[in-house]
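Following the hints, position chain B against chain A.
Listed in order, the protein sequences are those of chains A and B.
Residue 147 in the numbering used here sits at position 147 of the first sequence, with consecutive numbering throughout.
Residue 26 in the numbering used here sits at position 26 of the second sequence, with consecutive numbering throughout.
The set of hints was computed from the structure by calculation and includes no laboratory data.
Using N, Cα and C, we set each Cβ at its ideal position, and we do this for glycine too.
You can trust all of the hints, since none of them are fake.
Quick list of simulated restraints, FRET-style, between CB atoms:
#1 A:Glu244 x B:His88: 15 to 23 angstroms
#2 A:Asp149 x B:Ser107: 47 to 55 angstroms
#3 B:Thr86 x A:Leu44: 26 to 34 angstroms
#4 B:Asn108 x A:Lys226: 44 to 52 angstroms
#5 B:Gly84 x A:Glu244: 17 to 25 angstroms
#6 B:Thr86 x A:Lys73: 33 to 41 angstroms
#7 A:Asp172 x B:Gly120: 45 to 53 angstroms
#8 B:His88 x A:Leu44: 33 to 41 angstroms
#9 B:Gly120 x A:Asp149: 52 to 60 angstroms
#10 A:Glu169 x B:Thr86: 39 to 47 angstroms
#11 A:Lys53 x B:Arg87: 39 to 47 angstroms
#12 B:Lys36 x A:Thr217: 39 to 47 angstroms
#13 A:Leu44 x B:Gly65: 56 to 64 angstroms
#14 B:Val41 x A:Lys53: 50 to 58 angstroms
Straight-line distance between alpha carbons at most 27 angstroms, and here's what the computed BS3-like set of lysine-lysine pairs gives:
#15 A:Lys226 x A:Lys93
#16 B:Lys61 x A:Lys252
#17 B:Lys66 x B:Lys116
#18 A:Lys252 x B:Lys36
#19 A:Lys73 x A:Lys226
#20 A:Lys243 x B:Lys46
#21 A:Lys93 x B:Lys36
#22 A:Lys235 x A:Lys53
#23 B:Lys46 x B:Lys91
#24 A:Lys101 x A:Lys252
#25 A:Lys226 x A:Lys74
#26 A:Lys252 x B:Lys66
#27 B:Lys46 x A:Lys252
#28 A:Lys73 x A:Lys203
#29 A:Lys151 x A:Lys53
#30 A:Lys252 x B:Lys116
#31 B:Lys36 x A:Lys74
#32 B:Lys36 x A:Lys101
#33 A:Lys235 x A:Lys73
#34 B:Lys91 x A:Lys252
#35 A:Lys151 x A:Lys226
#36 A:Lys222 x A:Lys73
#37 A:Lys252 x B:Lys122
#38 A:Lys243 x A:Lys59
#39 A:Lys74 x A:Lys203
#40 B:Lys91 x A:Lys243
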Amino acid sequence: MSQQIHSLLFSAAAIAVVSLVSTPSLAQPPGGRGRGAAKDEVALPTPRLPGGKVDFGGKGAWAPIWVLDWADKKWVTQQIDVPFTPAGLALFKERRANNSKDDPEGYCLPAGVPRYTGTPYPFQLIQLPDRVVILYEGASHMYRVIMMDAKHSADPDPSWLGESIGWWEGNDTLVVDTIAFNGRTWLDYVGHPSSESLHVIEKYRRPDFRTMVYETTIEDPKYYTKPWTTSFKVKFEPGWEIKEYVCLENNKDLLHLGTTEPK
Amino acid sequence: MKRMSLIAIAAGFVVLLAALPVLAHHSFAAEFDMNKPVTLVGVVTKVEWMNPHTHFLIDAKDENGKVTNWDLETGSPNALSRRGWTRHSLKEGDLITVDAFRAKDGSNLASARMVKLADGRKVFAGSADDGGPGSTSGTVTPAKQ
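Next up, chain A with everything else stripped away, as it sits in the complex (with noise of 0.2 angstroms):
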């Protein structure tokens, strides 16, 4: 095949896919944005603990798309107009023009929360009784814990995913308030950024075996006028488990993305 039939059956497929994939019907289920089962799969009922609280485990894991841009509905439930502050809006801007290639996660640094929720890796939830641990795959390999029905701490350290503690609303919904932000991770992957004073609040539901229901909101007056608050589905997986991923390894990456800094 000659190298120009070959170009331009890969374009065309390409252009097949983007097309494809814009088209609702064909990239999204039903209600909503993200990948929560799909519409001819008959739901299994929503896992219980003991007691009767939702139970976000069992064999597999949550496997979220890359959520490249967490207010635009190509992504997400709805279309959000981002309250920018004017810094907000600067660095958002700056981040776009240049390809967002300051990226912190190309660095292999941890994606940071809400992220991590809509970065393409696999997670896991581990209810403990006094706590609930998160086990993500992703960049690079991290855990994070939540402690439930707990205090935020005097004076917390900052850290890249902060300090998280956890309440249940009812028996459905999961409640996770952050504090204690490094200000060195963005909110996607598209720029959307954070500084020290953020503040997320999560709240996670499983409507069915296959679906989490995730919905974040973001607080931070350095770059946003309010809060805003923005949601997606993510798609259980059977029988998957997260795998080992050192993201150091061999990140070639670096040396071709213009970037001399995270930033």
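Using the frame of chain A, we list chain B on its own:
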């Protein structure tokens, strides 16, 4: 006619495989140029089955007979193995055909998307969720530079 049916088959393949999640950890558009597709035929010289991306190197001959060693980036081994690849799928000495996009910096690095293996199977190899061509959930429009 033959060309059309091949296009249809290839498109079907991409849709099928792109529906599965793939790992990637950086911006497609910052590193690779969607406007520089390249098709390479060559012999595998090295396989790096490692995170964050599997790389394989091939010696490809251009029309003048000059051999160049290309570094081809694919999805992570974790993602590829969830799509049916194994660390044995590509071996040194295999003759393969690769559809890829070149790095913006002009180096011999390219993002491999479709690979025709030595046994004739065509498989999607790219990071389908990275915002580049073939992304599952949508593409991010690159900034004009």
